[in-house]
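**Q** Here the protein sequences come in this chain order: A and B. Read in order, the letters of the first sequence are residues 1 to 424 in our numbering. Read in order, the letters of the second sequence are residues 1 to 444 in our numbering.
Derived from the structure by calculation, the hints contain no laboratory data. Values in this document were obtained by computation on a predicted structure and should not be read as measured data. No residue lacks a Cβ here, since even glycine has one placed at the ideal position from N, Cα and C. Be aware that one or more of the hints could be misleading.
Stated by the list, open to error - Negatives, chain B to chain A, calculated, CB over 12 Å:
{"no.": "1", "residue": "Asp15"}
{"no.": "2", "residue": "Lys75"}
{"no.": "3", "residue": "Ile223"}
{"no.": "4", "residue": "Gln229"}
{"no.": "5", "residue": "Gln260"}
{"no.": "6", "residue": "Ser262"}
{"no.": "7", "residue": "Ser270"}
{"no.": "8", "residue": "Asp423"}
Claimed, not checked - Here are the simulated lysine to aspartate or glutamate pairs, DMTMM-like style, with alpha carbons at most 25 Å apart:
{"no.": "9", "chain 1": "B", "residue 1": "Lys207", "chain 2": "A", "residue 2": "Asp22"}
{"no.": "10", "chain 1": "A", "residue 1": "Lys376", "chain 2": "B", "residue 2": "Asp86"}
{"no.": "11", "chain 1": "A", "residue 1": "Lys362", "chain 2": "B", "residue 2": "Glu91"}
{"no.": "12", "chain 1": "A", "residue 1": "Lys180", "chain 2": "B", "residue 2": "Glu394"}
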Amino acid sequence: MYGIKMQIAEKLAILADAAKYDASCASSGSKRKNMGGMGNTEGMGICHSYTPDGRCISLLKILLTNHCLYDCTYCVNRVSSDVKRAQFTVEEVVNLTLQFYQRNYIEGLFLSSGVMGSADATMERMVSVARTLREKHLFGGYIHLKAVAGASKELCRAAGLWADRVSANIELPRSEDLVKLAPAKSHAETELTMSILKEGIDEAKAEAQSKNPSKFRKSFAPAGQSTQLIVGATEASDRHILGKAVSLYDTYRLRRVYYTAYSPIPHADLSLPPERPPLMREHRLYQADWLVRYYGFQVQELATETNPNLDLSRDPKLCWALQNRALFPVDINVAPRENLLRIPGLGVRTVERILKARRFRKLTMQDLSRMGASLKKAKYFIQVREDNPFLKYVDSFGLEAQLKPEPVQLSLFETGLSAQTGEV
Amino acid sequence: MELSTISKTRTAFNDWLNKEAALQSNLLFESFSSEKVIPKDVLPRKLKGDAYAISCYRDETRWSFLDRVCERISKEGSRFLEDPADRDAIEWTNRLKAIRRDVHKAHAFVRFKKTTEEGKEIFIAWHRPQHLTTDLFIRLFCRRFPTMHWMILTADECAHFENGKVQFSKAYEGQSLEIEDHWEENWRTYYSSIYNPARLMVQAMKKEMPQWHWQTMPESSLIPNLIRQSQNKIHTMAQKSQRSASPYIPTFCQSIEKIQESLPQCEGCSLHAHCRVTPGKGNSKASLLFVGEQPGDEEEKRGEPFIGPAGQLLRKTWEEVGGNWNDLYVTNALKHFKYELRGKMRLHKRPGSDEVAACRPWLQKELELISPKVILCLGSTAALSVSGRLWPVERYRGTWLPSAGQSRILLTYHPAALLRAPDQKKQEYERDFKNDLKLALSVA
Ligand code: SF4
Ligand code: SF4
Chain A
1 MYGIKMQIAE
11 KLAILADAAK
21 YDASCASSGS
31 KRKNMGGMGN
41 TEGMGICHSY
51 TPDGRCISLL
61 KILLTNHCLY
71 DCTYCVNRVS
81 SDVKRAQFTV
91 EEVVNLTLQF
101 YQRNYIEGLF
111 LSSGVMGSAD
121 ATMERMVSVA
131 RTLREKHLFG
141 GYIHLKAVAG
151 ASKELCRAAG
161 LWADRVSANI
171 ELPRSEDLVK
181 LAPAKSHAET
191 ELTMSILKEG
201 IDEAKAEAQS
211 KNPSKFRKSF
221 APAGQSTQLI
231 VGATEASDRH
241 ILGKAVSLYD
251 TYRLRRVYYT
261 AYSPIPHADL
271 SLPPERPPLM
281 REHRLYQADW
291 LVRYYGFQVQ
301 ELATETNPNL
311 DLSRDPKLCW
321 ALQNRALFPV
331 DINVAPRENL
341 LRIPGLGVRT
351 VERILKARRF
361 RKLTMQDLSR
371 MGASLKKAKY
381 FIQVREDNPF
391 LKYVDSFGLE
401 AQLKPEPVQL
411 SLFETGLSAQ
421 TGEV
Chain B
1 MELSTISKTR
11 TAFNDWLNKE
21 AALQSNLLFE
31 SFSSEKVIPK
41 DVLPRKLKGD
51 AYAISCYRDE
61 TRWSFLDRVC
71 ERISKEGSRF
81 LEDPADRDAI
91 EWTNRLKAIR
101 RDVHKAHAFV
111 RFKKTTEEGK
121 EIFIAWHRPQ
131 HLTTDLFIRL
141 FCRRFPTMHW
151 MILTADECAH
161 FENGKVQFSK
171 AYEGQSLEIE
181 DHWEENWRTY
191 YSSIYNPARL
201 MVQAMKKEMP
211 QWHWQTMPES
221 SLIPNLIRQS
231 QNKIHTMAQK
241 SQRSASPYIP
251 TFCQSIEKIQ
261 ESLPQCEGCS
271 LHAHCRVTPG
281 KGNSKASLLF
291 VGEQPGDEEE
301 KRGEPFIGPA
311 GQLLRKTWEE
321 VGGNWNDLYV
331 TNALKHFKYE
341 LRGKMRLHKR
351 PGSDEVAACR
361 PWLQKELELI
371 SPKVILCLGS
381 TAALSVSGRL
391 WPVERYRGTW
401 LPSAGQSRIL
411 LTYHPAALLR
421 APDQKKQEYE
431 RDFKNDLKLA
441 LSVA
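Modelling step: build the complete structure from the supplied sequences, incorporating the hints.
**A** Next comes the structure, spelled out in structure tokens:
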């Protein structure tokens, strides 16, 4: 094996395989005009392909190398794992990106890496991939760089200059779990990186909004930052996980928190669960995350002290409604926006449509169904123009029985979609 | 090849806008209904873009629908289009949505093949849009690849792009596109490596990537196989993760003899089916316990651990450093021999972490009953079973691993690693190995 130069294809197989446990693949939220070379970014993101796991391929998601000094227990690339190792050169990654991009396979590059040599040495090579693409090839596609744990402030700032998004992974929601499973990492360090990035993003925004923005101003991670939380590798409850996510959203203005069901990895530590990843739990977390960010819910309402984990068989909004029946029924034709948003079966878009449509007429059940409401759930909780026979259940014990739990089976479920939209 | 600077769909739409002209000219797709209203005069400017998109909807009623909307606009103004409960408004939105989706899917699924024509680089794609959207979806590619020379072929019309200019020609009638591009192989490699078989969700995939488009996408040929493989993988993964020797360990198991008695019945993992069991052996009050990986060929034949070539090397070295074999208890992480048949030879095969996990309860029981002062792990499999974690031997050998119980845990090479070591490393390995054995002896 040694001495023989590894082919690109072989490296690609190893270093894509090693990158697949990171959920994020979004290419949205950034705009870049074509700079006379190849590519542009138009803000909405494109999923160029879908793999049989229902996930989209938007970016070329690879590691620069899967050699790593560290020993994070949940990670395939940890030093003690006996996977095959490989390493790309900067030029190889640049070429792969351009070749894939010009065939319209991808929107851009998502580059991450194991730590080789030192955090700074690794980060420097990642930055140099991004810089080469932008400066030498005038590449206008999307670039997402993962900040290496412990990389210096200068390098994080440099990453932001060339990339559309930079992210640092929190990985485990509780810092005590990190101490146990990833002794080389800490929340404090990751959050330091996040605050460095936030500073850069804020400065660039202030500059862009100032009265006379400099003509040569540089963008800084215009698609913001994101992070990933691994679900199900430890005992942490959904309340912990969502609580951590919300505090990160608030403190660092993250665009997205990705929840990734822990997947059993080859040659795993025996302390980790060997089962199939808890995909339904992941799905419910995305739903709850969405409810908190766009529907005005508080984490404490969804994952309570007595029930710190989300119900797997019902969506979190429905669970909340069942616990808070006194607040229903809600009158579709007069209720304010924030109350409409709390009705099970109505998404943000349907609510917007209702607000518009009721200026023209009083809405009936049929109007609602045409506007995309899921009446299967909503009908028990709403008043419409006509008499609603289902309302009698709101105050009866029979309601739970009417609203049968969904199977916790995954294949019947569009779990893959919720990761992208989170729409309930 | 006849090239035109304006697309077929745009021409048809312009004709419809100026109905008069349209009625005279020979129409491309089908004739419009003969209404009195002239769309150009009633259609508000801000709706023209949407109306053009809707005229690209592949359906017989597309012109009559637009006519009806224009007629209503001429009577009641265009505000009804903002009413989300109005039938025509809903139809308008739905058609627009279908067009947008089709355009978006084209942006996603068009796949260029790179080739050369008359010495010039050219990128050619064949795409199958659901609607007549060629003129709409190529705009992104014009902005994105302004310096490339490219072509997109569809069964409605073809777009050619060169030197910053786009032109159109007649429909492509082929059923495939025979161009070799070796980068497609790299793309397929990427595609099959990036997905996680533990998360199989075929419905979600098909919904977002309708099979209609698979024909023009190089990666789609891989899908059936990937699905089949991952179903197998999941199945075996689930089976594997459930395996354990625990049910075969008697509830009251208070002696090493009892373990030896019960071991032959173990079906904790699939290894039991291929050979006989080799239990641990030695002094049940030992203060020093050796753990290896698994019995080998000779060990299995004679039912005793550490008597093959590696075992002999261990015994020899142990005596050299002053140890006495009879003071020891020796055992393995796995009690069955895992091998691969090569002709008549049974070749050692590395156990998986699932098998180590399955057999672990036996070893834990032995450790509990003997409770030695020092556990010497020979190789990483032994350390994995003893401590639950993987430790790279090169780095951690000769060090004490963290221990949850009373015993101290030391890691060293497996003697078989010494036998296999490359010549230039052999001496170093042997020296380290000897030192580790000395250390174990001195502490115990
Ligand atoms: S630092 Fe990153 S690559 Fe290295 S072991 Fe930890 S998670 Fe894996
Ligand atoms: S290897 Fe261990 S678990 Fe598997 S059958 Fe043999 S004794 Fe049982």
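**Q** Can you confirm whether the C-alpha distance between A/Lys362 and B/Glu91 stays at or below 25 Å?
**A** Holds: A/Lys362 and B/Glu91 sit about 21 Å apart, inside 25 Å.
**Q** For A/Lys376 and B/Asp86, compute the direct alpha-carbon distance and say whether it is at most 25 Å.
**A** holds, 23 Å
**Q** Per the stated criterion, does the least C-beta distance between B/Gln229 and chain A lie above 12 Å, as a non-interface residue requires?
**A** B/Gln229 is in fact no farther than 12 Å from some Cβ atom of chain A, at 10 Å.
**Q** Going straight from one Cα to the other, do B/Lys207 and A/Asp22 come out at no more than 25 Å?
**A** OK: B/Lys207 and A/Asp22 at ~23 Å, within 25 Å.
**Q** Far enough from chain A: is every CB of that chain over 12 Å from the CB of B/Ser262?
**A** Check passes; 22 Å lies beyond 12 Å.
**Q** Evaluate the condition: distance from the CB of B/Ile223 to the nearest CB of chain A exceeds 12 Å.
**A** At about 6 Å from chain A, B/Ile223 fails to clear the 12 Å cut-off, so the statement is violated.
**Q** Once the closest CB in chain A is found, is it more than 12 Å from B/Asp423?
**A** holds, 16 Å
**Q** Quick check for students: does the CB of B/Gln260 sit more than 12 Å from each CB in chain A?
**A** holds, 25 Å
**Q** Over 12 Å from every CB of chain A: does B/Lys75 meet that, or does the non-interface label fail?
**A** Label holds. Min Cβ-Cβ 17 Å, cutoff 12 Å.
**Q** Would you check whether the claim that B/Asp15 is not at the interface survives, using Cβ distances to chain A and the 12 Å cut-off?
**A** holds, 31 Å
**Q** Does B/Glu394 lie within 25 Å of A/Lys180 when you go C-alpha to C-alpha?
**A** Holds, at roughly 23 Å.
**Q** Take a quick look at B/Ser270 and tell me if its Cβ sits farther than 12 Å from every Cβ on chain A, holds or violated.
**A** Since the minimum Cβ distance to chain A is about 16 Å, B/Ser270 lies beyond 12 Å and the statement holds.
Hint check: violations occur at hints 3, 4; the rest are consistent with the structure.
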